[in-house]
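Q: Each chain, letter by letter, is given below.
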Amino acid sequence: MNAGRAGGRRARIGIASYLQVAPLTAVFALFLVVPILTLIVVSFFDYDSVQVIPAFVLTNYHDVLSSETTWRTYLSTFRFALVVWAITLLIGFWVAYYLAFFVRSKTLQTLLFLLCTIPFWTSNIIRMISWVPFLGRNGLLNRALLGMGLIHQPLEFLLFSDFAVVLVFVHLLTLFMVTPIFNTMMRIDRRLIEAATDAGARFWQVLFNVIIPLSKPGIAIGSIFVVTLVMGDFITVRLMSGGQSASVGLMIQSEISLLQYPAAAANAVVLLAVVLLMVGAILRVVDIRKEL
Amino acid sequence: MGGGVARVVLGSFFVLFVLFLYGPTLTILVLSFQGPDGGLTFPMNGVSLHWFANLFETQAVGDFGGALSRSLMLAGMVMLTTVVVSVAAGMGFRRRFAGSGALFTLTVASLIVPSILVSLGIGLLFTLMGWDTAWYSSAFGAQLTWTLPFGVLIMFAVFNRFDRSWEEAARDQGATAWQSFRHVVLPIIAPSVIGIALFGFTLSYDEFARTLLTAGSDNTLPLEIFGMTTNITTPVLYALGTVTTLLSFTVIGLALAGVALLRRRRLGSPAG
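Those protein sequence lines, which keep their order, are chains H and X.
Counting from 1, one number per residue, gives the positions in the first sequence under my numbering.
Counting from 1, one number per residue, gives the positions in the second sequence under my numbering.
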């Protein structure tokens, strides 16, 4: 094949690549990049009780950053993120560990993993609602505890409380930890573990010196998912706290329902910055590029 | 590795985790068969299909039928688009091109950006432009920003392990680019393509946050359910939960059966 034809072919292939990614680029441009830019533009707009006024003012940011409510809400959201992250990591790690190292048969491993992922493909809102008959004042849990004589009055804090919010977050998000951690664990060379054991390392030593360091990329990816999903959430907090807890997403949503779009936009831009900083911090600690 | 004690402890922990995942859903499955006088919690006050019948009476619970058919149509549109766009992009990403890094970053960013921002941004954009938001335009786009990253990342994983020599062999035999894709690449990646379709369909069918401010005047099913949580206090809510969960399970089951069928056919064929 002569050089000219090969060159022509390479150029065609180059163009083919661009054509193949063009639809993806178009969707992201139209429905992600332009909307975020719109948010940023609108966050500088002015507004009164009736309408949004195109302008360039900093009052929205000033309002967001100087309000005590904002800081309290961020604090409450960070608290949710931290608690949920810690619990999902703990549960997710051990579930992944069991699947990766204790289930020998490949078929059983796939089946059990699938069993964990199936709920992910069903409705989150339904999964939230399904806790109501469980946690309510006359719910299953209170009845069981009363029946066993462990308590004498129904526990009130189970439903519509911070407890319920955290519980449902853990219920919905643990899978986002299990999957990436399981993935990295499956790639750990088993001979490393054997070598460590042969050299006299005990269970915990193998865990802390071999498995955890090698599982870090998976832990990081899971953490990014959990932290960003909790930080941006509004529906879980609203449904499960019965309107008693605050979150940044909920604050933005209530501004939207009051039609205070510039204020909501400024709040959203601040939230985006905070989330990107958190993701950046996680990526600084762990290099996940090898995973992709 | 690990002693017998660790195996028992972790095994029980895993069982508890699975119960934790499925328990609540099973509870509402049972409670959706409450008798006509039954309440939102146990005990069961008789067994009936009353609440399922209730679901389909339009006046009783808003526009369930309309919301369901819109959600199914939207999920079908999102599924097809996600499959085509992800597979095409996956093929494109196999070569480095100017901007490939940026496009990849954008793909990951699309997963990380909080949903309410996407929802609000698209809503504001449409308002400023004077366009009407609707489930088939703005909500469709909003949901794609959620389903496409999953699809593209799956394609990445697939093509990272893809043996190029099959394709080169096809080319050497004189196959055109389309022929080698249609007869060599596509059959090999088919199970993953079904996986992407499953992601596309179910993530769209259950999507809430990104649809909230972009669906316009006609609700999708999750929006309808969310509305019901605030004003419906009968087991009809559970009946709805049971119906949508069964629908999701049907889709998951079909997808898994499809993958199993493809695997078997590939193992059975002499070329496989």
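Everything labelled a hint here was simulated from the structure, so no lab data went into it.
There's no promise every hint is true.
Residues from chain H that keep clear of chain X, each with C-beta distances beyond 12 Å, as calculated [said to hold, decoys possible]: (1) Trp71; (2) Ser161; (3) Leu214; (4) Val285.
Listed next, the stretches of chain H that the computed footprint assigns to chain X, with coverage defined by at least 3 CB atoms under 8 Å from CB atoms of chain X [said to hold, decoys possible]: (5) 17-31; (6) 36-44; (7) 72-86; (8) 122-132.
Glycine included, C-beta positions come from ideal geometry on N, C-alpha and C.
Q: Hint by hint, say whether it matches the structure.
A: Going through the hints against the structure:
Every CB of chain X lies more than 12 Å from the CB of H:Trp71, the least distance being 19 Å, so the non-interface label holds. The claim that H:Ser161 lies off the interface holds: its Cβ sits roughly 16 Å from the closest Cβ of chain X, which is beyond the 12 Å cut-off. Separation of H:Leu214 from chain X is adequate, the least Cβ-Cβ distance of about 14 Å exceeding the 12 Å criterion. At roughly 16 Å from the closest C-beta of chain X, the C-beta of H:Val285 stays outside 12 Å, upholding its exclusion from the interface.
Counting residues of the segment 17-31 of chain H whose beta-carbon sits less than 8 Å from any beta-carbon of chain X gives 12, enough to reach three: the coverage restraint holds. Three residues within the 8 Å Cβ limit are the bar, and the segment 36-44 of chain H against chain X gives 4, so the coverage statement holds. Here the segment 72-86 of chain H counts 0 residues with a CB under 8 Å from a CB of chain X, which misses the bar of 3, and the coverage is violated. A stretch counts as covered by a chain when three or more of its residues have a beta carbon under 8 Å from one of that chain; for the segment 122-132 of chain H and chain X the count is 10, and the coverage holds.
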